[in-house]
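Participant: Line by line, the protein sequences give chains A and B.
Per the numbering used here, the first sequence starts with residue 1, numbered consecutively.
Per the numbering used here, the second sequence starts with residue 1001, numbered consecutively.
Calculated from the structure, these hints are not laboratory results.
Even glycine gets a Cβ: it sits at the ideal position worked out from N, Cα and C.
A portion of the hints provided could be inaccurate.
Said to hold, decoys possible - Derived list of chain B stretches under chain A, where covered just means 3 residues or more per stretch with a C-beta under 8 Å from a C-beta of chain A:
hint	segment
1	1012-1020
2	1049-1055
3	1083-1093
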Amino acid sequence: MGCGFQADIRYPACVTNHPEHTPRSTILRRAATLATAVPALLVTSLTAPAFADAPAQWENNRPYSPLYVITVLVVIPAALFALITLLVCLPSMMGKGKGSYQPGQPWRSEPEWFGGPRGGVAAADRTEQPLAVGGTSDHPDERGGASGRW
Amino acid sequence: MAAGEPFTAAQRHEIDRAIRDAETLCRYEFSVFVGRSEGESRPFAERLHATLVAPERSVLVLVDPAAKLLEIVTGTEARRVLDDAEVHLAVLAMQSAFAAGDLVGGIVQGVQQLAEHARRPQVRHGS
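In isolation and in its complexed conformation, chain A is listed as follows:
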């Protein structure tokens, strides 16, 4: 950490935290700034508002009645809005009442058996006797599983 070590560190150029500004470069920079800013300012300040008349060929239309204007601009868009909203919401509104069974309600419909035999529970009642008796008497505790309540 002595002075001898400091002497070994050499930078390729003179290192300083003040940028080197010569008077000449400062003048050049200011001139360039002026040269770009003045034309821009001139152009934007010199413009006048554009005046234009409707072309003479355009015929002078009759004024519309307020009722007509309200119909076209308010009533028809509102009706379209309501119609599209209804069309979007209708399927889910119809589906909600039918398929939303909540657990705990009495089960009023037929049982659903996913992946079961073709005949469903009726087939189970018809065919269960030999299978169940044979299956359970041979290996009574071979089957596993678990039960639960909620």
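Knowing the structure of chain A, use the given hints to seat chain B on it.
Facilitator: What follows is chain B alone, placed relative to chain A:
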């Protein structure tokens, strides 16, 4: 759709897809019964299980939403990879979903979980 159907077509499709995915995942047969169980739920579930095409390789899930009952029966062969403790875990997951009022979600989740447990890593170095 007939009146009083418990599931919409989309929900039915969801359960069907869960069963199909489970079967492709672990190569056991899954079957889900949703409805009122006749008499005692456990014997009824075992009776249903016995009527399946291949009971030894089958897992039957019985859900009685009105009585808030849940039974899972595993066949002898399926039980070798899916022991009762693992089945009980699936039961717990399904119970919490059902208690929250999500019947279809609970069934789908339970079937998926059973399949995950029943899946055994493929043995690549066997004789």
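Participant: It remains to establish, for every hint, whether it holds in the given structure.
Facilitator: Hints, one by one, checked against the model:
Remark: the segment 1012-1020 of chain B is confirmed as covered by chain A, as 4 of its residues place a Cβ nearer than 8 Å to a Cβ of that chain, reaching the required three. Counting residues of the segment 1049-1055 of chain B whose beta carbon lies closer than 8 Å to any beta carbon of chain A gives 6, which meets the minimum of three for the stated coverage. Only residues whose C-beta sits within less than 8 Å of a C-beta in chain A count toward coverage, and the segment 1083-1093 of chain B has 7 of them, enough to reach three; the restraint holds.
Consistency note: the structure conflicts with none of the earlier hints.
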